[in-house]
Amino acid sequence: MTDDRLSVIFGALADPTRRAILARLADGEATVTELTAPFPVSMPAISRHLKVLERAGLISRSRSGQHLSSTLRPAPLQEATEWMERYRRFWDASFDRLDAHLRRAAPERDGQ
Amino acid sequence: MNQYIQITRIFDAPRKLVYRAFTDPGQLAQWFGPVGCSVPRDSVEIDARVGGHLRFVMTGPDVRSTVDATFTEVVENQLLSAEMEAAGVPGVTGSLRVHLRLEFHDEGNGKTRLELRQGPFAAGQLGADTRSGWESSFTKLDALL
Chain G
1 MTDDRLSVIF GALADPTRRA ILARLADGEA TVTELTAPFP VSMPAISRHL
51 KVLERAGLIS RSRSGQHLSS TLRPAPLQEA TEWMERYRRF WDASFDRLDA
101 HLRRAAPERD GQ
Chain H
1001 MNQYIQITRI FDAPRKLVYR AFTDPGQLAQ WFGPVGCSVP RDSVEIDARV
1051 GGHLRFVMTG PDVRSTVDAT FTEVVENQLL SAEMEAAGVP GVTGSLRVHL
1101 RLEFHDEGNG KTRLELRQGP FAAGQLGADT RSGWESSFTK LDALL
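Quick mapping for you: the protein sequence lines, in order, are chains G and H. If you read the first sequence in the numbering used here, its first letter stands for residue 1, the second for the next number, and so on. If you read the second sequence in the numbering used here, its first letter stands for residue 1001, the second for the next number, and so on.
Simulated from the structure, these hints should not be mistaken for laboratory data. Each residue gets a CB set at the ideal place from its N, CA and C atoms; glycine is no exception. Fair warning: there could be bad hints in the mix.
[Claimed, not checked] Some chain G residues near chain H, calculated using beta-carbon distances under 10 Å:
hint	residue
1	Thr33
2	Glu34
3	Trp83
4	Asp96
5	Ala105
[To be verified] Residues from chain H that keep clear of chain G, each with C-beta distances beyond 12 Å, as calculated:
hint	residue
6	Ile1007
7	Thr1066
8	Val1089
9	His1105
10	Gly1119
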């Protein structure tokens, strides 16, 4: 994944309203009207947030009858998380060695 | 999305010893980094006081990273908090700058619960080539396990 692509994903995720929209969409697809209801912002403002999320590939939008529905696309979220997961694996691997190191140090502890 | 990693780990050793493993240069050199990486003892410099530094070099198959952390909070055997700057980190453009917080909690029976929090990991720090370096170290580690 390129730097630009991750920047777009992290940028889209940087806003609390957009994160709340994603959380709502995790329960199933929704129209702009349904997505606007819980927030103290206008429908055009929600539409702008949806455009940002769509550009990041985090949602897809499709027309069903009169309404434009948004659906969560979780793959980019997983890509962004993978980057941080490498740091978690780094520490986990280091801590396995620390664990072994502390076991070797055990006689020293008993002697104290 | 939370841009911090949080890790909780229980060690079968009193927190005085776990704390020392992070603050004694000779000890840090023995365990820091995944299998396949090493920290030369003479590269480690630790002054565990507020404003003091933790510096070391980590080398791996295709990696040479230098870490320079400045302690912002230090409570002996309980807490280490630092602003870290790491150069030469695989997949990162320029320096990686993150905050690191380590809490050492007494779990009883001579055990210690370590709470780690590190971040924020911001996209601006990430380079295009994200799969080299540490990944190859991990691959070697996986082969050993």
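Restraint check, 10 Å cut-off on beta carbons, for Glu34 (chain G) near chain H:
violated, 23 Å
Classify the hint on Thr33 (chain G) as holds or violated, based on whether any CB of chain H lies nearer than 10 Å to its CB.
violated, 26 Å
Can you verify the interface hint for Ala105 (chain G): is its Cβ closer than 10 Å to any Cβ in chain H?
holds, 6 Å
Chain G versus His1105 (chain H) - minimum CB to CB distance exceeding 12 Å, so not interface
holds, 15 Å
Please settle this one: Thr1066 (chain H) was flagged as non-interface, so is its CB more than 12 Å from every CB on chain G?
holds, 16 Å
Least C-beta distance between Val1089 (chain H) and chain G, which was stated to exceed 12 Å:
Given a closest Cβ separation of 10 Å, the condition is violated.
In terms of Cβ atoms, is chain G entirely out of 12 Å range of Ile1007 (chain H)?
Not fine: 5 Å to the nearest Cβ puts Ile1007 (chain H) too close to chain G.
Beyond 12 Å from each Cβ of chain G, as asserted for Gly1119 (chain H)
violated, 8 Å
Identify whether the interface hint at Trp83 (chain G) stands, where standing means a beta carbon of chain H within less than 10 Å of its own.
holds, 6 Å
Hint Asp96 (chain G) vs chain H: min CB-CB distance below 10 Å?
holds, 8 Å
Checked against the numbered hints given earlier, this structure breaks hints 1, 2, 6, 8, 10; the rest are met.
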